[in-house]
Every structure is written in C-alpha cells, then in structure tokens.
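Q: Take 79 as the starting number for the sequence shown in the working numbering and just add one per residue.
Take these hints with a grain of salt, some might be off.
Cβ-Cβ distance ranges computed for the label pairs, FRET-style [what the hints assert, rightly or not]:
#1 Ser288 to Gly80: 12 to 22 Å
#2 Val420 to Glu125: 48 to 58 Å
#3 Ala361 to Pro218: 14 to 24 Å
#4 Ala403 to Gly128: 27 to 37 Å
#5 Glu428 to Pro143: 38 to 48 Å
#6 Ala148 to Pro344: 24 to 34 Å
#7 Gln399 to Glu125: 15 to 25 Å
Simulated pairs of lysine to aspartate or glutamate, EDC-like, Cα-Cα distance not exceeding 16 Å [unchecked claim]:
#8 Lys126 to Asp96
#9 Lys401 to Glu428
#10 Lys139 to Glu125
#11 Lys139 to Glu160
Simulated from the structure, these hints should not be mistaken for lab results. Ideal Cβ placement from N, Cα and C applies to all residues, glycine included.
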Amino acid sequence: MGEFYCPVRIFTGPGALDALARWRVSRALLVTDRFFSESGVARFVAEKLGDAQVEIFDLVKPDPPAALAAEGAALCHRFRPELLIALGGGSPLDCAKAIRLAAESPMEFVAIPTTSGSGAEMTSFSILSHGGVKHALVDPALRPDAAILDPSLLERLPASLIADTGMDLAAHCLEAAVAAGRTGFTSALAAHALRTALTCLEPSFRGDGSVRLRLHEAAAMAGMAFDSAGLGVLHAVAHALGGAFPVPHGRLCAMLIPPVMAANLPAALERYAALARACGIEAAAGRLAVRSLSQQLERLRRNLRLPSNLAEAGLRREDFQTKRAALVEAALADPCGRTNPVPVTRDLVERILQAVAP
Numbered sequence: 079m080g081e082f083y084c085p086v087r088i089f090t091g092p093g094a095l096d097a098l099a100r101w102r103v104s105r106a107l108l109v110t111d112r113f114f115s116e117s118g119v120a121r122f123v124a125e126k127l128g129d130a131q132v133e134i135f136d137l138v139k140p141d142p143p144a145a146l147a148a149e150g151a152a153l154c155h156r157f158r159p160e161l162l163i164a165l166g167g168g169s170p171l172d173c174a175k176a177i178r179l180a181a182e183s184p185m186e187f188v189a190i191p192t193t194s195g196s197g198a199e200m201t202s203f204s205i206l207s208h209g210g211v212k213h214a215l216v217d218p219a220l221r222p223d224a225a226i227l228d229p230s231l232l233e234r235l236p237a238s239l240i241a242d243t244g245m246d247l248a249a250h251c252l253e254a255a256v257a258a259g260r261t262g263f264t265s266a267l268a269a270h271a272l273r274t275a276l277t278c279l280e281p282s283f284r285g286d287g288s289v290r291l292r293l294h295e296a297a298a299m300a301g302m303a304f305d306s307a308g309l310g311v312l313h314a315v316a317h318a319l320g321g322a323f324p325v326p327h328g329r330l331c332a333m334l335i336p337p338v339m340a341a342n343l344p345a346a347l348e349r350y351a352a353l354a355r356a357c358g359i360e361a362a363a364g365r366l367a368v369r370s371l372s373q374q375l376e377r378l379r380r381n382l383r384l385p386s387n388l389a390e391a392g393l394r395r396e397d398f399q400t401k402r403a404a405l406v407e408a409a410l411a412d413p414c415g416r417t418n419p420v421p422v423t424r425d426l427v428e429r430i431l432q433a434v435a436p
C-alpha cells in the first residue's frame with residue numbers, strides 16, 4: 079500500500095512574501111544566518127508581520143550543530159513566539175525545524191527558502207551535525223505548516239550555489255523515483271522536477287533569472303516526492319562524507335549520482351527508464367534510456383563546473399583513507415538508506431565510496 083501526504087500550504091510567485099501578513103501574531107521568531115541579518119533581508123521579511131515583535135536568531139551556519147537547535151529552543155521558552163519563520167537555504171530551515179521539535183511549543187511554522195535544492199520547506203526531514211557526523215532526523219512534526227516561494231529572494235544567487243543546490247534537487251528526483259515508498263504521485267512530481275532541472279539549471283547558472291522560480295518550485299516538488307517516497311544510499315553516503323569533510327552537499331550529490339545509479343540498476347532499471355522517458359529521452363530499450371539520462375546528468379555536472387570525485391573537490395587521499403571506516407559506518411546508520419531499491423550493505427557503500435575516492 080502506498081501513501082502520499084502533503085499538508086504544507088504553498089504561496090508562490092512574485093509578491094508571495096506578502097502572505098506573511100495573514101499571520102496576525104504578536105511575537106515571532108525568525109531563524110536565519112548572518113548574511114540575511116546583516117543584508118537587511120531578515121528585517122524586511124519581519125516587517126511583513128506589521129506590528130509584531132520579531133526576534134531574529136541569526137547564528138545558523140552550514141551543517142548546523144544540534145547544540146544550536148537547543149539554543150534556539152531555549153530562546154523559544156523565554157520569548158514564547160506564536161510563529162516560527164525560517165529564512166535561508168537548507169541549513170536555516172533544518173535548524174528551525176529542530177528548534178520547533180525541541181521547543182515543543184504551540185507555534186505555527188513558515189519556511190521561506192532562498193535556494194532551490196534542499197526542498198526542506200516541504201519535508202519532515204532535518205539534517206543536524208554532532209561530533210563530525212551528520213544525523214538525519216525524520217519526524218512529521220518537522221514539516222512546516224506553510225512555505226513561501228518568492229522569486230525576489232533568488233535574484234542575487236551566486237552561480238556556485240545554483241550549481242550545488244541544483245544537483246541536490248536532481249539527486250532528490252533520482253532517489254524518489256526509485257525509492258521503496260514511491261507512488262504514481264511521487265513519480266510524477268520527481269519527473270516534472272527533474273525535467274525542469276535539466277532544462278533550467280544551466281540557464282540559471284549563466285545568469286538567466288527568468289527560470290529561477292521554475293527551479294524553486296521544482297525543488298519544492300522534489301521535496302514533496304522524497305518526503306513520501308523516501309531517499310536512498312546516495313544521500314546516506316553524502317551525509318557521511320559531508321559530516322567528515324567540508325564539501326557542499328550538492329557537490330557530493332553530483333559526484334555520487336553515476337555510481338549510485340549503476341549500483342541500483344539491477345533492481346531499478348525500469349523505474350530509471352520511466353524517469354528518463356518522462357524527461358523526454360526517447361530510446362526503445364530501457365537500458366539505453368537510462369544510459370542517456372546518466373550522460374545528460376554528467377554533462378550537466380561538467381557544465382555547472384562541479385567536481386567528478388573527491389580529489390577534484392580538494393580532498394587528500396590520506397585524509398579520506400583515515401576516515402574511510404567511519405564513513406562506511408555512518409552511511410550504514412543513516413535512515414535514508416532504508417528506502418533504497420537495493421539493500422544498503424557494507425560492500426555496496428564501499429563500492430560507491432571507491433568510485434569517488436581521491
């Protein structure tokens with residue numbers, strides 16, 4: 079039996095930020111990072127709430143530690159906000175989710191993503207770090223009540239960030255399309271989102287702002303898909319590597335896509351082929367369609383100037399080898415692997431790591 083559930087209300091398009099005025103509250107907590115605080119964007123967003131008292135918690139850094147979420151929860155207990163707002167990329171959104179869970183406060187939660195990749199505004203997932211290890215939290219209580227997708231927040235995205243987050247979007251589609259919990263609903267969302275990524279990522283990377291709302295919506299659709307269908311070994315290994323080394327998550331996803339597709343092919347050939355055809359790839363044989371899709375994704379990675387392996391990402395072989403055993407254990411423990419189409423075994427993780435090793 080399959081299940082699809084998405085209770086998040088979405089406001090999208092130019093002027094979507096104005097939807098914040100619908101929340102008539104007296105106190106709100108806005109979780110973000112220093113960039114949005116110092117640039118004035120956080121205050122601009124806060125002003126959409128009118129006369130509400132808004133506390134800005136701007137300590138979020140990439141791969142937020144669990145201790146930061148605890149600090150935010152303590153602030154909630156003191157300030158008692160009626161509304162929680164997350165503004166930023168995946169890290170502020172994940173941190174705000176964990177703050178809400180830890181605070182156990184009766185507050186509504188609005189997510190405002192400023193990058194197009196994590197899909198965190200739609201999901202019950204949160205990724206926190208502790209002791210050099212990324213931990214995936216999965217709980218329905220982490221899911222926001224509403225998401226605001228406003229293209230005005232995407233105008234000044236750096237090309238490198240578009241590339242990194244865009245390949246995370248693509249990885250979400252690839253994993254959701256073959257995951258154990260897939261349904262017709264999740265497959266349709268994943269296919270549309272991947273087709274959009276293949277069409278729009280390069281123009282956005284080159285500076286075409288007209289396609290960015292389409293990518294923003296595609297990232298949310300991919301989040302809806304994997305939140306119900308599940309992810310797989312690609313994200314399990316990416317979380318392990320990202321906890322051990324300072325390589326952006328999307329960059330890791332980009333290099334892991336080819337070996338993971340190859341590893342999953344025995345059990346997922348027809349699902350990958352259906353995804354390829356939904357993206358406009360015409361091939362009589364399923365294996366040829368999958369090969370063509372893999373080649374398109376490889377071209378996309380190259381055109382976005384992303385590395386193909388850990389050596390190109392700047393890692394030294396000796397550093398990788400020192401942590402290799404711990405990487406395997408972290409990947410095996412990651413809950414994302416539970417919905418992979420083939421069992422996530424020690425041998426499978428070792429083979430995938432070897433494919434990207436420096």
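Q: Failing hints, ascending?
A: 1, 3, 4, 5, 6, 7, 10, 11
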